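Going down the list, the sequences are from chains A and B.
Reminder that position 84 of the first sequence reads as 83 in numbering that gives the first Met the number 0, one-by-one numbering, no gaps.
Reminder that position 67 of the second sequence reads as 66 in numbering that gives the first Met the number 0, one-by-one numbering, no gaps.
FYI, nobody ran anything at the bench for these hints, they're computed from the structure.
Here the structure is a predicted model, which means the values were calculated and not measured.
Please note that a few of the clues may not be correct.
[Claimed, not checked] No farther apart than 20 Å at their CA atoms in a straight line, the calculated lysine to any residue pairs in the SDA-like style are these:
1) K52(A) / V49(B)
2) K38(B) / S32(A)
3) K66(A) / F2(B)
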Amino acid sequence: MKDPSMTPSPPKLSIDADRSTDAASDLRTAKASFLGVFLSTFITIFLAELGDKTQVATLLISAQSHKPVTVFIGAAAALIGTSLVGVLLGQWLAQRVSPETLDILAGILLLVISVGLVADVVAL
Amino acid sequence: MPFDWNLLGVSFVTVFLSELGDKSQLAAIALGGSSSSPKAVFFGTAAALVLASFLGVLLGEGTAQILPEQTVKGIAAIGFALMAVRLLWPDGDL
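This is chain A alone, in the form it adopts within the complex (with noise of 0.2 Å):
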């Protein structure tokens, strides 16, 4: 995370510039922040979800129905499904508010996320 090439230093306001002076060093950084934004997504989320409500629901029709493989399938796809609708709803929101706001009601967002999961912990 401390890794100089994934701050974001200023993509939104000069991304032209940014371009025309070394395309290979951005595609150097643009592809160390796609697997930096992968990875740090996919362990929260995966370590967020671990025991959540949904996975207790796949474990209950599966464990009633003994058709572990059809309930996962459907079960894959529904999430495909939401996380899509997420991604594309962002982006949508992008689209209509600056980078600033954006990134103010985002990170709010996941602070809010950040203690539902805390008082989760203290809960259990």
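Chain A is already provided as a structure; the job is to place chain B on it using the hints.
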């Protein structure tokens, strides 16, 4: 034995409704809108959710014994807080 489309539908609808507006989807909205690579957010979110439900089906209630839920959720809370801090104070060294 014919493929159980009904069960597939029940699983899909149950999980879809249970995830709608849940924290993972909210996180996907927050990160998908503000991230430089929304594709990475989508793949990361979808992969994490699919793996979590795969483990749910595979292990059943065993996950709670292997991984203590409090610790796991605590780490997730720190992860979300870090991402929030990075968005709110982008000049910080996080």
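Q | Proposed proximity, S32(A) with K38(B) (alpha carbon, max 20 Å) | A | Holds - the C-alpha atoms of S32(A) and K38(B) are around 11 Å apart, at most 20 Å.
Q. Holds or violated: are the alpha carbons of K52(A) and V49(B) at most 20 Å from each other?
A. holds, 14 Å
**Q.** 20 Å Cα cutoff - pair K66(A), F2(B)
**A.** holds, 10 Å
Every hint, counting from the list given before, is met by this structure.
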